[in-house]
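Could you build the full structure based on these sequences and the hints that come with them?
Counted the way full-length UniProt numbering counts, the sequence shown spans residues 1 to 283.
No lab work stands behind these hints: they were computed from the structure.
From the three backbone atoms N, C-alpha and C, an ideal C-beta is built for every residue, glycine too.
Take the hints with a grain of salt, since some may be wrong.
Derived EDC-like pairs (lysine to aspartate or glutamate); straight-line CA-CA distance at most 16 Å [claimed, not checked]: (1) LYS190 to GLU177; (2) LYS77 to ASP16; (3) LYS30 to ASP69; (4) LYS110 to GLU60; (5) LYS275 to ASP220; (6) LYS22 to GLU38; (7) LYS275 to ASP205; (8) LYS30 to ASP58; (9) LYS237 to GLU280; (10) LYS131 to GLU177; (11) LYS110 to ASP141; (12) LYS110 to ASP136; (13) LYS77 to GLU35; (14) LYS143 to GLU123; (15) LYS184 to ASP220.
Taking CB as the label site, the calculated pair distances span [to be verified]: (16) LYS190 to ASP220: 18 to 28 Å; (17) LEU54 to ASN257: 45 to 55 Å; (18) VAL235 to LYS190: 47 to 57 Å; (19) ALA142 to ARG268: 53 to 63 Å; (20) ARG268 to GLU38: 23 to 33 Å.
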Amino acid sequence: MKPNEKDDRYRVLIADENLNYKPHVFDDPKVLGREIIEANGSHPVDEHVAIAILPNGDFEDLRLDEKYDLRGRGAEKVIVARTDRSFKFKIDDKDLEWPHACISGFVLRKLAALPANYNLWHEIPGQQDQKIADSDVINLDAKGVERFISLIDQTTEGDTLPSFDQSFLADHGYQFEVIQEAGKTGIILKSLHLPEGKFNAAMADVLVLLPPGYPDCAPDMFYASPHLTLSSGQVPKACSAQLGYAGRVWQRWSRHNNAWRPGIDGLRTMVARIKTALAEARP
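Below you can see the structure in the form of structure tokens.
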């Protein structure tokens, strides 16, 4: 980096394996890898590596006795980590290993060989999944195996879904469309299989309208196309109203949701409710 405006020394931010950064100052713009490790107080030196984080998120291992030039733009960042074990993680269904506790989004993308229109998301139990930028650094030394999923950035209609919803739909083989119309976002589940022999059709498309604030706010009713009648010819209870959406007329199933857990519930919950409503439909 540039010399400090107040003196001629050079700053570097050094992180331990828990990604706790501390500033260090060197008099020489070129330092050895071992000098960075020693500055971090990590011993024995030969059981550690210094890993420079480049501006694009890539990693560069710094050899113990090779000079590293600190003159970049802004404070340089270096991670010091032990090298006595590897760290396991999963990207989609692939089991992978990395020799350091910390890894960047850029390196994760390279390991996953992701197409340009795919993003990586970090699955965090009990919380919303987090989208990973190339410059993000993730600690792989947390309890359990870290899991990442790759998802296409956008559907063909150009509207995105939360990653946990996309993962659920993809993992369970659902074909779906995301439609924006009149300020409403609709998810159309295509050719959903119906309970055998129960209705006048074996399959139907099902529409779920996502409310503003979803997924913190709950979807309410759902809609079917074509209109469904029971095998007896009767219309199921609370299914006589209609809705025009996406150039089609949908049958409204008035099944209200009075319990929703923000951060936990999503389309997985809604699909379960839909299947239950279809299975329990009565005149």
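Run through the hints listed earlier and report the numbers of any the structure violates, in increasing order.
8, 10, 11, 18, 19 and 20
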